[in-house]
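Number of protein chains: 2
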Amino acid sequence: MDRLMAIAYAREAANLKLLSLSSEEVEGLLVEGNLTIGVVGLGRIGLPSAAAFAHAGLQVVASDINPEVVDSVNAGKSRFVDEPGLNEMLANVVARGKLVATTSNASVANQSDLIIICVPTPIDQAKSPDYSYIVSAAKEVGASLRSGSIVVVESTVGPGTVEGLVKDVLEAASGLRAGIDFGLAACPERSDPGSIMMNLGAVPRIIGGDSERTTEIVAAIYESSFGVKVVRVSNPKTANAVKLTENLFRDVNIALANEFAILFEKLGIDSLETINACASKYNFVPHYPGGGVGGPCLPSNSYYLITEGMKAGNIPYIVRLAREINDRMPEHVVELVGEAMNEVGKTIRGSKIAILGVAYKPNIKDTQQTPVARVCEKLVQMGGILQVYDPMFAGEKALGFDVKGSMQEAVADADCVVIGTAHKEFKDLDLKALATIVSGPAALVDSRNVVEPFAAAEAGFSYRGVGRPSWPQKSEPVAQEHRIASSLPGLE
Amino acid sequence: MDRLMAIAYAREAANLKLLSLSSEEVEGLLVEGNLTIGVVGLGRIGLPSAAAFAHAGLQVVASDINPEVVDSVNAGKSRFVDEPGLNEMLANVVARGKLVATTSNASVANQSDLIIICVPTPIDQAKSPDYSYIVSAAKEVGASLRSGSIVVVESTVGPGTVEGLVKDVLEAASGLRAGIDFGLAACPERSDPGSIMMNLGAVPRIIGGDSERTTEIVAAIYESSFGVKVVRVSNPKTANAVKLTENLFRDVNIALANEFAILFEKLGIDSLETINACASKYNFVPHYPGGGVGGPCLPSNSYYLITEGMKAGNIPYIVRLAREINDRMPEHVVELVGEAMNEVGKTIRGSKIAILGVAYKPNIKDTQQTPVARVCEKLVQMGGILQVYDPMFAGEKALGFDVKGSMQEAVADADCVVIGTAHKEFKDLDLKALATIVSGPAALVDSRNVVEPFAAAEAGFSYRGVGRPSWPQKSEPVAQEHRIASSLPGLE
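So the protein sequences, as listed, match chains A and B. Under the working numbering, think of the first position of the first sequence as 1, with each following residue one higher. Under the working numbering, think of the first position of the second sequence as 1, with each following residue one higher.
One should not assume that every hint holds.
For identical chains, the list gives no copy identity; a pair is met inside one copy or between any two copies.
Derived pair list, reagent style BS3-like, types lysine-lysine, alpha-carbon separation capped at 30 Å [what the hints assert, rightly or not]: (1) K127 / K77; (2) K229 / K311; (3) K427 / K311; (4) K352 / K266; (5) K378 / K98; (6) K139 / K266; (7) K139 / K397; (8) K17 / K229; (9) K311 / K266; (10) K378 / K427; (11) K229 / K397; (12) K397 / K77.
Derived from the structure by calculation, the hints contain no laboratory data.
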């Protein structure tokens with residue numbers, strides 16, 4: 001704590017009021033590295049951001065409620081092994097004293113000129129946004145907020161939450177007035193887990209403050225620290241609307257691909273062939289079907305907007321429907337497992353089922369809201385014996401399972417192989433080799449479309465894939481309605 | 001008919017069986033221009049295609065049920081004044097005898113090696129696909145089909161309709177077997193009205209035949225004639241699925257933008273600012289809100305897939321919901337008209353309302369399924385006195401209205417100006433000049449977001465735009481729920 005104290009005294013002596021500085025003065029402080037950035041929340045967004053600000057030469061004080069996290073950060077160690085570049089950068093900035101972690105939000109607020117809130121904003125069981133972490137953070141930050149500081153919310157929240165709830169809590173706790181005594185801005189994180197260090201400099205930031213002055217100062221700090229392009233918007237709610245609009249665009253388009261996929265399976269049309277052909281048109285952007293949508297963002301983000309919409313009397317129906325469609329995809333995967341196994345005369349009950357991949361997306365060690373969890377749960381309920389493998393969790397625990405040390409261990413003697421995540425290890429599967437170790441005849445269900453249907457069939461598997469015709473192919477009768485042409489208008 | 005007869009005799013003498021030719025032989029015929037292309041249906045797709053095949057050096061025989069259309073084509077005249085390049089090309093190929101039109105589908109079928117069906121496939125009042133034109137065309141083509149010919153369907157139909165309904169009708173009428181005696185393929189048109197001549201060579205074609213042979217021959221003919229890239233797909237149903245997937249992608253994303261727009265209006269967020277900021281993210285593609293979706297494709301295409309989905313027991317819900325949202329946008333425009341006029345103390349009843357633009361999209365002379373029709377209809381029902389202007393229809397009739405000769409005539413003395421179409425003439429409106437000729441204080445409702453809100457307000461209009469905050473701006477109270485922070489968790 002000695003170092004923390006020293007910084008605190010220095011700050012107080014300087015009596016820096018960031019909000020009242022001119023652009024030139026801010027530039028000057030940035031060049032000298034004479035600004036303190038506070039980061040509240042050392043999760044997948046907060047930790048890389050804290051490290052990157054420190055790497056840019058600024059002093060960083062960061063907090064987390066979990067003392068173990070604080071200790072590991074102060075030891076220069078990142079727990080996000082799937083974020084290339086983070087560990088090295090963290091070790092370096094901690095060793096140089098540029099980044100100090102603490103469990104005290106008060107100490108962050110008191111020492112920092114710019115305080116960035118990066119706490120989680122999950123949804124609760126009833127799918128309502130749970131803003132308790134952000135309220136609690138804002139309250140503690142507010143209680144120690146110095147006049148002249150700026151608070152930035154990076155956490156994803158519904159539009160209106162920053163200038164509403166967060167502002168109210170900060171004002172009540174600090175006795176200061178937003179826009180006058182302190183600045184408040186939204187700068188929603190826009191990074192993609194697994195690529196965060198790269199994204200920090202590459203994906204433009206959206207910044208909307210409570211005044212042009214606030215926006216300008218925050219923009220200057222992000223631009224200078226990360227070398228990133230900044231898009232300035234009118235106010236915090238617009239910045240939050242941008243974050244939700246872009247994520248809901250993805251969620252809805254994946255749901256549309258899933259909706260088409262299930263229909264195309266029935267019509268004997270290959271969704272992947274269709275989507276890739278569509279991509280030849282200038283105004284089409286491919287989204288692919290799969291076994292569901294996971295992670296900290298997409299499954300939750302819709303509900304922030306739905307909640308604001310319901311308050312305003314306008315439910316965004318497409319967004320809501322998209323969520324339901326994506327949430328049901330794991331059940332569809334289980335249905336495909338049942339069909340494929342049935343074809344080789346096996347039931348789920350009593351059969352060994354290899355699950356390849358549990359992470360919510362390729363090449364990261366993260367099972368947050370992974371749809372594979374629901375696939376596993378249902379298969380276990382139906383009496384399946386699961387043999388789980390995921391290269392990111394080899395030999396560890398994941399989703400409550402003991403993850404096998406190798407793919408071969410999981411696939412050995414299996415009656416069905418289910419691909420749950422498109423990890424790179426599963427991209428060039430030697431299906432013929434796998435076929436020799438399963439308990440043949442076996443089924444293969446690909447929820448991520450990483451194997452070619454005919455190749456799976458050729459290797460001897462009974463194949464099903466989301467949105468793809470089954471293999472071996474059956475003759476596909478054209479729908480009955482099409483064959484009664486003689487009763488149609490214009491034909492005698 | 002003498003020229004037609006001469007071609008017919010020559011064909012018969014040659015006894016060309018396109019389907020049984022090798023790729024080299026097809027190449028040879030293409031180089032020599034020694035192939036006859038039949039085009040059934042001389043509408044916005046058929047006429048440009050017929051002209052382009054003739055321009056490429058092939059002989060073209062084309063039919064339409066409307067004798068006036070046939071006469072005008074034989075006179076070298078295009079009725080599509082909004083398709084740059086078409087009229088010149090048509091005049092040239094007709095003058096050179098490369099394109100001959102007839103009212104007889106039999107004559108097209110009898111003389112052609114490749115017969116392309118380009119008839120309309122509208123939806124009926126109950127939103128079911130109306131395949132009566134295509135059935136009737138297939139019946140007449142079938143009755144005169146020569147063995148060895150290939151039939152291509154460019155009309156948009158549900159997946160399965162070509163290898164189902166169309167095949168059945170052709171086989172029944174011809175006594176020939178598809179895939180053996182004649183070839184059948186889908187090559188759905190992919191052009192954008194207003195840019196068709198340019199699109200023919202630039203937008204890749206999707207071709208799926210009843211055999212690889214059919215696909216190859218049809219692909220060779222399109223590639224050679226238009227210099228266009230061809231994407232070969234497994235079968236006709238996949239080609240039709242591609243066409244629907246890409247158009248429904250647009251329809252759904254516009255609906256999503258509209259859904260957000262209506263909510264963002266209530267939250268005081270500018271949709272355009274939001275969307276343009278989203279566009280800074282690498283995986284976002286902007287779609288803009290507006291007063292509805294029109295034209296021959298988007299408002300209908302969903303129903304082909306919904307119909308096939310219902311037959312297969314799988315309603316594509318998002319697609320259906322999107323249609324309903326887009327169909328309701330004209331009512332929202334009328335609502336904005338009511339609000340904006342109310343603000344200047346005027347009612348729709350008894351007021352003069354200038355409608356600027358009736359075409360379903362910018363810079364084309366086409367009102368097919370234009371959403372502006374419903375805006376006009378409702379305003380008239382509510383007692384509004386409409387003064388309609390559209391540069392493409394100046395001095396003519398459109399939607400039953402006498403279109404004014406100039407924008408000034410329509411705007412003169414108006415109590416409200418409604419922008420219905422984003423024609424280029426409306427992009428740089430001199431709002432201050434317009435303000436001097438309206439019956440001020442007047443309202444301005446922009447359903448296509450071509451004017452800047454503050455500029456409209458500055459010129460003295462009471463402004464409303466789809467998805468944009470109203471101007472002059474009112475103080476926007478933050479939602480009540482946000483202000484009761486003190487009752488929220490974590491705050492005493």
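How the hints compare with the structure:
Taking the shortest alpha-carbon separations for K127 and K77, neither the intra-copy value of 34 Å nor the inter-copy value of 61 Å comes in at or below 30 Å. In this homomeric assembly, K229 and K311 never come within 30 Å of each other (Cα to Cα): the closest approach is 34 Å inside a single copy and 50 Å across copies. With identical chains, the CA atoms of K427 and K311 are never at most 30 Å apart, being 45 Å at best within one copy and 36 Å at best between copies. In this assembly of identical chains, the alpha carbons of K352 and K266 lie at most 30 Å apart only when taken from the same copy (28 Å versus 54 Å across copies).
For a Cα distance limit of 30 Å, the shortest separation of K378 from K98 qualifies neither inside one copy, at 48 Å, nor across copies, at 66 Å. Taking identical chains as interchangeable, the C-alpha atoms of K139 and K266 lie at most 30 Å apart only when they sit on different chains, with a minimum of 29 Å there against 54 Å within one chain. In this assembly of identical chains, the alpha carbons of K139 and K397 never lie at most 30 Å apart, being 36 Å within a copy and 65 Å across copies at closest. Proximity of K17 and K229 under a CA criterion of 30 Å is satisfied intra-copy only: 25 Å inside one chain copy versus 61 Å between copies.
Taking CA atoms no more than 30 Å apart as the test, K311 paired with K266 passes between copies only; the shortest distance there is 10 Å, against 39 Å inside one copy. In the homo-oligomer, the alpha carbons of K378 and K427 lie at most 30 Å apart inside one protomer (25 Å), although the nearest pairing across protomers, at 56 Å, exceeds that limit. In the homo-oligomer, the alpha carbons of K229 and K397 never lie at most 30 Å apart, since the shortest distance is 40 Å inside one protomer and 50 Å across protomers. Within a single copy, K397 and K77 get their C-alpha atoms as close as 21 Å, which meets the 30 Å cut-off; across copies the closest is 74 Å, which misses it.
Violated hints, listed in ascending order, are 1, 2, 3, 5, 7 and 11; each of the other numbered hints is respected by the structure.
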